[in-house]
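Got two chains here, separate frames each, mind docking them using the hints?
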Amino acid sequence: MEEKFSNYGFYAGFRENKLSLAFQGMISQDLLSLIGLSLRRKNDNEMVAKRLFGLVIELAQNIYHYSTEKAYSEKDKKEVGVGIIAIGETDEHYIVCSGNRMDSRKIIPITERCDYINNLDDDGLRLYYKEQRRNPSIADSKGAGLGLIDMVRRSGNKLTYVINDSGEQFAFLTLAVRINKNFGTLEN
Amino acid sequence: MEDFYHPPDHFIPEIRFNASTGELSISGESFHEYSVEFYQPVFQWLRDFLAIPNQKITMSFRMTYFNTNTSRRFLEVFDMLEEYEKNNKGCVTINWYYKAHDIDMKESGEEYIADTNVEINLIPYVV
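The listed protein sequences derive, respectively, from chains A and B. Residue numbers for the first sequence follow this note's numbering, beginning at 1 and rising by one. Residue numbers for the second sequence follow this note's numbering, beginning at 189 and rising by one.
Chain B extracted, bound-state conformation (with noise of 0.2 Å):
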C-alpha cells in the first residue's frame, strides 16, 4: 500500500501516514472551512489501511490548534482505531502530543480520553 502525504499550509495540517511501518501523523493547525471534504481522502487512506490485519499502528497527534469542526473528525479517527483493536486485527498505540503549557490542547487530549474508549498517552513537549 502506498503511503499518505499532505503538506501543510496555513489551515491544513502535515498528514504523513507511512504504510509500511505503521507510522501515520497529523500535526499544524487545522480550520478548514470544509472539514469534511478536505479530511474525506484521508479518512479513505486509513479506511485502506485499516482493512489489513495484524499491524502494528502508532498515531500521533501534534496539533497546535484546530477548530471544532476538525475535532469531529478527530473523534472519527479514534473511532476507526478503537473498531480495529477490538475486532482483534492489531495494535495500536495513540499519542496526543501538547506544547508544555499549552493547557487547552492537553485538555483536548484529556477530552478524547474521556469521550473515546482508546487509550491515549498525553505527552508534553518543550519547543
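Same shape as in the complex, but just chain A (with noise of 0.2 Å):
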C-alpha cells in the first residue's frame, strides 16, 4: 500500500452498489458479534434483523473454515480464513454476500451443491435440512452442509454465487443472497 493511497475508490464502489458494511480480513468471533449489534441498532425490524444475522454468520463461516487464504488468529491459536463480508441493499431487499479465495478443485462442487439446493421448494428444503442435519458422516466437519441450506429456508430466496476462475490453483468465490425487507414481518 502506498501512504499516499486514496479511499476514493472504496467508497465511490460502496455507494455505487449501496453498500451499508464491508469487511475484508480474518473473520473473528469478536468482529460477527460486532456486525450482529451494529445490525439489530440499525434494524427496527428485529426479525429482519436476526435474519441478515444468521445469514452473516453463515457465509462468514464458510470463510472462516474454506477460504483458502489464512492468517494466524491469537485467540485461536491457529490458522483461520481471511475474506470479505459485505451488506448492501436495493429498495426491497438486503444483499448479504461473501468474497474469498478457493481451491479450484472445489468449483465443480461447490457449483452443483449451490444448484442443487436451488432447485429443492420448500419441502425438498426441509428435508434436505433434516437429512444432513441427521448425516453422522458430515456432523463432525466444520459446520459444512447446513449452511447454505439454511440461508435459503431463512430468506426465502435462491443462492447467487460467483466464481472468478483463472484457470490457476486459486479461484475466486463470491456467494450472495438476498432477503426481503419486509419478510418475516412480526406475526403471532
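In case anyone wonders, no lab produced these hints; they're calculated from the structure. Where hints are given, some of them may not hold.
Now the stretches of chain B that chain A is said to cover, found in silico as 3 or more residues with beta-carbon under 8 Å [said to hold, decoys possible]:
1. 277-283
2. 292-304
Simulated restraints on C-beta separations [to be verified]:
3. A/L19 - B/N275: 50 to 58 Å
4. A/L19 - B/T246: 43 to 51 Å
5. A/P109 - B/D191: 43 to 51 Å
6. A/L19 - B/G278: 49 to 57 Å
7. A/K70 - B/D303: 30 to 38 Å
8. B/A302 - A/D30: 31 to 39 Å
9. A/K70 - B/Y313: 41 to 49 Å
10. B/K244 - A/T90: 39 to 47 Å
11. A/R15 - B/T209: 51 to 59 Å
Partial selection, computed: residues in chain B whose CB lies under 8 Å from chain A [said to hold, decoys possible]:
12. H198
13. F199
14. E221
15. N255
Don't be surprised by glycine CBs; every beta carbon is placed ideally from N, CA and C.
In C-alpha cells, the structure reads:
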C-alpha cells in the first residue's frame, strides 16, 4: 500500500452498490458479534435483523473454515480463513455476500451443491436439512452442509454465486443471498 | 455429582446444569466457530449425569440465536435424553422457550419435535 493511497475507489464502489457494511480480513468471532450488534441497532424490524445476522454468520463460517487464504489468529491459536463480508441493499432487499479465495478443484462440487439446493422447494429444503443434520459422516466436519440450506430457508431466496476462475490453482468465490426488507414481519 | 456452569459470552450460551435438582438450562446465543470443541465438556458432564438412573430431569432451552453448527449439537442433546427415557432410567421434561413473535425460534422447536422422538414443550415468553 502507498501512503498516499486514496479510499475514494472504495467509497465510490460502496456508494454505487449501496453497500452499508463491508469488511475484508480475518473473520473473528468478536467481529461477528459486532456486526450482529450494528445490524440490531440499524434495523427496526427485529426479525429481519436476526435473519440478516444469521446469513452473515453462515457466510462468515464458510470463509472461516474454507477460504484458502489464511491468517493466524492469536485468540484461536490457529490459522483461520480470510475473506470479505458485505451487506448491500436495493429498495426492497438486503443483499448479504461473501468473497473468498477457494481451491479451484472445489469449483464443480460447490456449484453443484448450490444448484441442487436452489432447485429444491420448501418441503424439499426441509427434508434435505433434516437429512443433512442427521448425517453422521458430515456431523463432525466444520459445519459443512447445513449453512447453505439454512440460508435459502431463512431468506426465502435462492443462492447466487459468481466464480472468478483464472484457470490457476485458486479461484475466487462470491456467494450472495438477498432477503426481503419486509420479510418475516412480526406474526403471532 | 458437581454442577456444571459456563458463563455466557457474545457467541456462547449460558449453561447451567444443576445436578441435585435435575434442572438443566441452556440460554442465550450460540455461534461458536468450533461447536464440537465447545460443547465437548458439556456432553461429557451430560453423559456422566445420565448414567445415574431414576432422576427427574428438566432440560430448558431459552435461545435467542444459534447457528446451524449448534443445531447439530442440540440434536445430540435430544438424542441423549431420548435414550435416557427409552431405557426407563428416569423422567425427562424438555422445554423450548422462544420469545413471543420469534417465529424462527418457534419453528426451530417445531422441527426438533418433528425430527426427534422426545416430547418438547414449546413455551412462548414475553420480555
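Worksheet entry | Whether the CB-CB distance between B/K244 and A/T90 falls inside 39 to 47 Å | For A/T90 against B/K244, whose Cβ atoms are near 54 Å apart, the range 39 to 47 Å is violated.
Practice prompt. Given the range 50 to 58 Å, decide if the beta-carbon distance of A/L19 to B/N275 lies inside it.
Written response: holds, 55 Å
Worksheet item: So does A/P109 sit 43 to 51 Å from B/D191, Cβ to Cβ?
Response: 45 Å Cβ-Cβ, so the 43 to 51 Å window holds.
Item to complete: Examine the stretch 277-283 of chain B: at least three residues should have C-beta closer than 8 Å to a C-beta of chain A.
Response: violated (count 0)
Worksheet item: Hey, does the B/N255 contact hint survive, CB to chain A under 8 Å?
Response: It holds, given that the least Cβ distance between B/N255 and chain A is near 5 Å, below 8 Å.
Fill in: Hinted contact B/F199 with chain A - closest CB pair below 8 Å
holds, 5 Å
Worksheet item: That 30 to 38 Å hint for A/K70 and B/D303 (C-beta), does it hold up?
Response: With a Cβ separation near 35 Å, A/K70 and B/D303 satisfy 30 to 38 Å, so the hint holds.
Fill in: 51 to 59 Å as the expected CB spacing between B/T209 and A/R15, which holds or is violated
57 Å Cβ-Cβ, so the 51 to 59 Å window holds.
Worksheet item: Is it true that A/L19 and B/T246 lie within 43 to 51 Å of each other by Cβ?
Response: Distance hint for A/L19, B/T246 holds at roughly 47 Å.
Fill in: Interface hint status, B/E221 versus chain A (Cβ within 8 Å)
holds, 6 Å
Worksheet item: Do A/K70 and B/Y313 keep their Cβ atoms within the hinted range of 41 to 49 Å?
Response: holds, 42 Å
Discussion item. 49 to 57 Å was suggested as the range; check whether the CB atoms of A/L19 and B/G278 agree with it.
Written reply: Check passed, 54 Å falls within 49 to 57 Å.
The structure fails hints 1, 10 (numbered hints given earlier, in ascending order).
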